[in-house]
Amino acid sequence: MEKFEHSAAVTGMGMSEVGRRLMRDPMALTVDASLAAMADAGLTREDIDGVCTYPGMVPGAGGFSGAGAHDLMDTLRLKPNWHNSGLEQAGQLGSIVAAMMAVATGLCRHVLCFRTVWEATYVQLQRTGQIRHSGGGGRLSGGMEWRIPYGAASAANWIGMYCSRYMHDYGLTKEQLGQIAINGRKNAALTPYAVYKDPMTMEDYLNARMVSTPLSLFDCDVPCDASVAFIISHKDTVKDCRRGRAVGFEAVGTANTERVSWDQGDLRYLTGIEGAADMLWSRTDLQTQDIDMVQLYDGFSFNALCWLEKLGFCGVGEAGAFLEGGQRIARDGELPMNTNGGQLSAGRLHGYGFLHEACVQLLGEAGDRQVPNSPQTAIASSGGGVPGSALLLTAP
Amino acid sequence: MKRPLPMLTDSNRFFWTSGADGKLRFVRCTACQNYIHPPVPVCNNCLSMEQEVVAVSGRATLAAVTVNHQMWIPSMEPPYVVGIVEIEEQGSVRLTTNIVRCDESDLSIGMSLEVEFEEYEDVFLPVFRPLATAIDSPSGER
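Chains as they are written, first to last, in my numbering: chain H, 1 to 396; chain F, 1 to 142.
Looking at chain H on its own, in the form it has when it is part of the complex (with noise of 0.2 Å):
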């Protein structure tokens, strides 16, 4: 079959520092991130023609929203060809779809793209009178209408709905849910960046502080300050570039079959996601059986448990199962699962960590977590909830 994703390739990836706090200027993490991905590619400012990003700037957004395009491509005085940003993507890796695009269709041989956040420090500028609301007292709408006044403020709250609908209808235990969040402490442990590496025991998990039933405070992300960078490259570039060999793409799912909606879609699982995964699949002779690892968004535990069904790597209503013990899901198990810690454990990456994780697996370079024995294929995930995107990626 050809394809698209055969054209475009990963040649760099850089990220900033990562952590709680770290009060930095959000456009410093982007650059970090930005040079470092070039340097990572051998590549200069000069030969980066294309810019892409999610969700660019967006006003109000607070620490959600670090960077955009415009700003990037003033700052490092950029010269793309082709830009892009924006909120409404298929998931935050929707950027990366944008940019093979770019690259497939002849715009562009090497566009930047990039990841910010900065929440955690965001938040602290906030307690300490430095940001201040602007406004307050406004009255919603854009879709928060229908669910702040309720004190629904939260995706734990929306997330957490349907979690418990799904553990209603098939039995899904906490314990069963919390091997996502075991097992991704147990991987951050081994990942220099990670903001939580201590060990968690399943006690630990089922006795945090609960945040919105039957969600608990280690079911959830950890807003972090952060930019994570890649270049998406034309294939024919590769050879030139500075490992001579990249991380190819086999397939991408973008497709959204669902309401757009977080309680007028179906509730038995989170939306979003069916649409991608089933995409996916249609595009590869690949089989879940093919797959060495996966890199599954985890803004929430039941986020990840939804992309392992949808993905078909167990069937409807059988995850609980298929996580029970947490060896299946291990580096060293049939299905390794997020092996950085993913957001529950490295940080709030948003997306752009899940791709970063598979590159680095799928190049061997992962030092002390490296996933034994070569894998040669990863899925990387973002979204759910509101439309996601998976990718299918492959060693060099």
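Simulated from the structure, these hints should not be mistaken for lab results.
Ideal Cβ placement from N, Cα and C applies to all residues, glycine included.
A hint or two may mislead.
Facing chain H, a subset of chain F residues (Cβ under 10 Å, in silico) [stated by the list, open to error]:
| id | residue |
| --- | --- |
| 1 | 3 |
| 2 | 9 |
| 3 | 44 |
| 4 | 110 |
Taking CB as the label site, the calculated pair distances span [as the list claims (entries may be wrong)]:
| id | chain 1 | residue 1 | chain 2 | residue 2 | range |
| --- | --- | --- | --- | --- | --- |
| 5 | H | 266 | F | 129 | 52 to 62 Å |
| 6 | H | 23 | F | 22 | 46 to 56 Å |
| 7 | H | 203 | F | 10 | 52 to 62 Å |
| 8 | F | 105 | H | 266 | 21 to 31 Å |
| 9 | F | 74 | H | 204 | 27 to 37 Å |
| 10 | F | 46 | H | 23 | 53 to 63 Å |
| 11 | H | 173 | F | 91 | 21 to 31 Å |
| 12 | H | 203 | F | 105 | 19 to 29 Å |
Let chain H serve as the given structure and place chain F on it in line with the hints.
Just chain F now, with coordinates in the frame of chain H:
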């Protein structure tokens, strides 16, 4: 207790002020009778733009629920219960809302509920309490 409130517009005012007479209302397509929520000017089933606002029974089924324990909004002291309810007339029409007058231990997916309203400024927020006399016990699998 204060709440963050919706901005009232020509499309949603009927909904957020409907409780003034104790009734819950939705937009319904006059061509195919499909209830449409949130209100949009076209039927997402048949694409007709002819629609009317109709009162419903106010009865609903609890489809998903969470007990929130963390403070997000300074004027809303946790814990409080947030649920998604399916209205009796059409299960695909749902509201995210508060479940009130119900002990946490009595909450169960599939339970029957009925609407009541909490008035804040010019808004009547529909919230749901357990149905006084449970008529039936839906399984929650619709």
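Any hints this thing doesn't respect? Which numbers, in order?
Number 5 only.
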